[in-house]
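There are 4 protein chains.
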Amino acid sequence: MITIVVGTNRENSKSRKVAEYYAKLLASHGATSQILDLRDLPVDFAFTALYANTGKHEVFNEFVKIVNQSEKFVFIVPEYNGSFPGVLKTFIDGLDFPSSFQNKKAALLGISSGVMGGALALSHLTDILNYLNMHVYGVKPRIQRMSANFVDGNITDKFISDLIDGQAKGFIEF
Amino acid sequence: MITIVVGTNRENSKSRKVAEYYAKLLASHGATSQILDLRDLPVDFAFTALYANTGKHEVFNEFVKIVNQSEKFVFIVPEYNGSFPGVLKTFIDGLDFPSSFQNKKAALLGISSGVMGGALALSHLTDILNYLNMHVYGVKPRIQRMSANFVDGNITDKFISDLIDGQAKGFIEF
Amino acid sequence: MITIVVGTNRENSKSRKVAEYYAKLLASHGATSQILDLRDLPVDFAFTALYANTGKHEVFNEFVKIVNQSEKFVFIVPEYNGSFPGVLKTFIDGLDFPSSFQNKKAALLGISSGVMGGALALSHLTDILNYLNMHVYGVKPRIQRMSANFVDGNITDKFISDLIDGQAKGFIEF
Amino acid sequence: MITIVVGTNRENSKSRKVAEYYAKLLASHGATSQILDLRDLPVDFAFTALYANTGKHEVFNEFVKIVNQSEKFVFIVPEYNGSFPGVLKTFIDGLDFPSSFQNKKAALLGISSGVMGGALALSHLTDILNYLNMHVYGVKPRIQRMSANFVDGNITDKFISDLIDGQAKGFIEF
Numbered sequence: 001m002i003t004i005v006v007g008t009n010r011e012n013s014k015s016r017k018v019a020e021y022y023a024k025l026l027a028s029h030g031a032t033s034q035i036l037d038l039r040d041l042p043v044d045f046a047f048t049a050l051y052a053n054t055g056k057h058e059v060f061n062e063f064v065k066i067v068n069q070s071e072k073f074v075f076i077v078p079e080y081n082g083s084f085p086g087v088l089k090t091f092i093d094g095l096d097f098p099s100s101f102q103n104k105k106a107a108l109l110g111i112s113s114g115v116m117g118g119a120l121a122l123s124h125l126t127d128i129l130n131y132l133n134m135h136v137y138g139v140k141p142r143i144q145r146m147s148a149n150f151v152d153g154n155i156t157d158k159f160i161s162d163l164i165d166g167q168a169k170g171f172i173e174f
Numbered sequence: 001m002i003t004i005v006v007g008t009n010r011e012n013s014k015s016r017k018v019a020e021y022y023a024k025l026l027a028s029h030g031a032t033s034q035i036l037d038l039r040d041l042p043v044d045f046a047f048t049a050l051y052a053n054t055g056k057h058e059v060f061n062e063f064v065k066i067v068n069q070s071e072k073f074v075f076i077v078p079e080y081n082g083s084f085p086g087v088l089k090t091f092i093d094g095l096d097f098p099s100s101f102q103n104k105k106a107a108l109l110g111i112s113s114g115v116m117g118g119a120l121a122l123s124h125l126t127d128i129l130n131y132l133n134m135h136v137y138g139v140k141p142r143i144q145r146m147s148a149n150f151v152d153g154n155i156t157d158k159f160i161s162d163l164i165d166g167q168a169k170g171f172i173e174f
Numbered sequence: 001m002i003t004i005v006v007g008t009n010r011e012n013s014k015s016r017k018v019a020e021y022y023a024k025l026l027a028s029h030g031a032t033s034q035i036l037d038l039r040d041l042p043v044d045f046a047f048t049a050l051y052a053n054t055g056k057h058e059v060f061n062e063f064v065k066i067v068n069q070s071e072k073f074v075f076i077v078p079e080y081n082g083s084f085p086g087v088l089k090t091f092i093d094g095l096d097f098p099s100s101f102q103n104k105k106a107a108l109l110g111i112s113s114g115v116m117g118g119a120l121a122l123s124h125l126t127d128i129l130n131y132l133n134m135h136v137y138g139v140k141p142r143i144q145r146m147s148a149n150f151v152d153g154n155i156t157d158k159f160i161s162d163l164i165d166g167q168a169k170g171f172i173e174f
Numbered sequence: 001m002i003t004i005v006v007g008t009n010r011e012n013s014k015s016r017k018v019a020e021y022y023a024k025l026l027a028s029h030g031a032t033s034q035i036l037d038l039r040d041l042p043v044d045f046a047f048t049a050l051y052a053n054t055g056k057h058e059v060f061n062e063f064v065k066i067v068n069q070s071e072k073f074v075f076i077v078p079e080y081n082g083s084f085p086g087v088l089k090t091f092i093d094g095l096d097f098p099s100s101f102q103n104k105k106a107a108l109l110g111i112s113s114g115v116m117g118g119a120l121a122l123s124h125l126t127d128i129l130n131y132l133n134m135h136v137y138g139v140k141p142r143i144q145r146m147s148a149n150f151v152d153g154n155i156t157d158k159f160i161s162d163l164i165d166g167q168a169k170g171f172i173e174f
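Sequence order for the protein chains is A, P, Y and W. Counting in this note's numbering, the first sequence runs from 1 upward without gaps. Counting in this note's numbering, the second sequence runs from 1 upward without gaps. Counting in this note's numbering, the third sequence runs from 1 upward without gaps. Counting in this note's numbering, the fourth sequence runs from 1 upward without gaps.
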């Protein structure tokens, strides 16, 4: 069971649609997955589930439990302000330390409206996951120019879709 | 008028105390400052002041106004999970783009309980501020091992306090 | 006098041609400049001018002197293997520490054949220059897809050339 | 067979001694290894084995062959100027692209005389290896303050030696 994290709390995000694409891709290679969408987080979790409140928020605890029971994660990472969304890091800041990601495995997929495709976003997130002793799959594809390259739930650029397919297959074995 | 940003929303944070130290330091060199503490943000701002809700949250708009009216910022940056707090990035994600920090100036001060002192935290934040076309002062001190080096509102390590004093003086002229 | 560093030792590099473009641009705004091309370094400097040999290589010492006498630098930074050329870092490793770049100023311009344009290259170099207490100008343009966007010594994409023109003007005042 | 890369070309480097320590450690866990020391590179390789000269330098070609025949690498990474040595990146710039590290595996160990321990050095190198589609082991220990923590070829700090022992064991299985 691979947990696919939608890396933003935006409503009806493109990241969510890419997560659904990735779930189908994993299924086509025989792997089951579940989607964890940050838009479902409690709206006040940054203030009610961290620091002195760690462990006290029932709804947030459900998210913590899902993370604790998962061994492999795919992060769908949109580019916000030259990095990944703050809410994704806040979510990580609320998880159990240091066990949440320790010795677990992650695959990262960047998406962006511009051409850069979130190279820095994936770099920053890799730093953090490595700090937490998580192994990050070395191939980290990016879907740049989302409006052109991701249409009706599918990737139109064959080079990119092949790259992601290779990542998905490789990550199942990783 | 320099705006000092307390880079976490934790209650009674050490970052807040360091911000107060920095305000006094700036005053001793003839510069006025104000403190913007992220713990004062609306608890649900990540869900009610971003994306489709941009500009619609009265309280958050006050924070936006303070940023828009400031030209120089000092960021007090604690290390959380190998980077800076997610709430600081979420705050930036809610600001006006691209004008908020464009062609403005920032000084960064890292703090940490461990020895690394947030080198990666300051690197990530610099990437983001540069992406937003903000100039970051080149000297970025770090107070490592806070419990030993920051006691009763003062820095006990002379090497570190001299470094920060130099940063403060230089940043006023920057 | 601004020193423009050609960030590679490749013969007849595109970086050199971009450096010449930048020199003209600076001249058009009334600033004088000189070009420091890494292809002119002694071929064995990595082994004969560093560590125990620091200061002993006459030719390399001339490069050191140019750096020591300059206050402002423009770095033309090609993307090699997802970062900047190793030879540029080796050059920096051979300079006087910590005075070479301390409290001096840098502007960075990234170039690449692909679309990413060296976002990570500029991030890594910024980390290093900041470590050396150098102030990096916040706007860091990139010329992606060089073969299309840089033809006959000129930038064909108006958005990019405006960005670089703004950087040059701003950096003169920085 | 694991290839341990001494990440500097300095004579009698501490990195070399740490590489020898790591080789013994791997042997104690039943893994064979060989040391590739950058001080053995041709002194002019940055000018005679790259770009137009790729593949033409007999001695450098031997290094290329060792890399091409290895599947797992341990990089011993000293901190130079806030990152890793330029010569290590120049070495990578001279390898076959994109096959050299593609889908291969790396473990990183940082060393430094100061307390930071090369956090940024390991981050930069991870970016580059990931760009080349190499998988980097998530636990990246650092030996800070080398003169105190590494004496007579052994690590005196038990916390650090346990961390490295765990990395070595985990990497053999990775």
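Any given hint might turn out to be false.
As the list makes no split between identical chains, a pair holds if one copy fits it or if it spans any two.
[Claimed, not checked] Mimicking DSS-like on lysine-lysine, the simulated pairs with C-alpha atoms at most 30 Å apart in a straight line are:
(1) K158 <-> K56
(2) K105 <-> K14
(3) K158 <-> K169
(4) K158 <-> K105
(5) K169 <-> K104
(6) K104 <-> K24
(7) K56 <-> K24
(8) K169 <-> K14
(9) K158 <-> K65
(10) K169 <-> K65
(11) K56 <-> K169
(12) K169 <-> K105
Keep in mind that the hints were calculated from the coordinates and are not lab data.
Structure-based check of each hint:
| no. | hint | in the structure |
| --- | --- | --- |
| 1 | K158 <-> K56 | neither (46 Å within a copy, 36 Å between copies) |
| 2 | K105 <-> K14 | within (24 Å within a copy, 32 Å between copies) |
| 3 | K158 <-> K169 | within (16 Å within a copy, 39 Å between copies) |
| 4 | K158 <-> K105 | both (26 Å within a copy, 27 Å between copies) |
| 5 | K169 <-> K104 | both (17 Å within a copy, 16 Å between copies) |
| 6 | K104 <-> K24 | both (22 Å within a copy, 27 Å between copies) |
| 7 | K56 <-> K24 | neither (35 Å within a copy, 37 Å between copies) |
| 8 | K169 <-> K14 | within (23 Å within a copy, 38 Å between copies) |
| 9 | K158 <-> K65 | neither (37 Å within a copy, 33 Å between copies) |
| 10 | K169 <-> K65 | both (26 Å within a copy, 29 Å between copies) |
| 11 | K56 <-> K169 | neither (38 Å within a copy, 37 Å between copies) |
| 12 | K169 <-> K105 | both (14 Å within a copy, 17 Å between copies) |
Against the hints set out earlier in the document, violations occur for numbers 1, 7, 9 and 11.
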